[in-house]
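**Student:** Sequence:
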Amino acid sequence: MTKTTIEAPIPGTFYRAPSPEEPVFKNVGDAIAVGDTVGLIEVMKSFTPVVAEAAGTLVAFHVENEDAVMAGQPLYDLEA
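Per my numbering, residue 3 is the first one in the sequence shown, and the count goes up by one each step.
Simulated from the structure, these hints should not be mistaken for laboratory data. Glycine is no exception: its CB is placed at the ideal position from the N, C-alpha and C atoms. Zero decoy hints are in this set.
Calculated pairs, SDA-like style, for lysine to any residue (alpha carbon to alpha carbon, straight line, at most 25 Å):
hint	residue 1	residue 2
1	Lys28	Thr50
2	Lys28	Val61
3	Lys47	Thr15
4	Lys28	Val65
5	Lys47	Gln75
6	Lys28	Phe63
7	Lys5	His64
8	Lys28	Leu42
9	Lys5	Val53
10	Lys28	Met46
11	Lys47	Pro22
12	Lys28	Thr15
13	Lys28	Ala70
14	Lys28	Glu9
15	Lys47	Phe63
16	Lys28	Val53
17	Lys5	Tyr17
18	Lys28	Ala62
19	Lys28	Ala56
20	Lys5	Asn29
21	Lys5	Gly74
22	Lys47	Glu68
23	Lys28	Pro51
24	Lys28	Pro13
25	Lys47	Phe27
26	Lys28	Ala73
27	Lys28	Asp38
28	Lys47	His64
29	Lys28	Met3
30	Lys28	His64
The calculated label-pair distances, taken between Cβ atoms and stated as ranges, are:
hint	residue 1	residue 2	range
31	Val61	Pro20	15 to 25 Å
32	Gly74	Ser48	15 to 25 Å
33	Glu81	Lys47	29 to 39 Å
34	Thr4	Lys47	33 to 43 Å
35	Ser48	Met3	27 to 37 Å
36	Thr7	Ala70	13 to 23 Å
37	Glu44	Met3	27 to 37 Å
Sequences and hints are given; from them, build the entire structure.
**Tutor:** Spelled out as structure tokens, the structure:
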């Protein structure tokens, strides 16, 4: 098994769900397919999806919901 750390593509606020009333996109232990949305990064009310570019199992988040993130900051780990 190979572990890959996925980094934030842009700076902003990381969200694990599309809105506070909705469930999170993915949880630790979930299978991830290429193209799956794992979270959103918001910058000035513009939301950019964090889309998986590789398949695997989500094994850890490095940030919490609503954390401020910088470009290149680790967001989550995938194991393939």
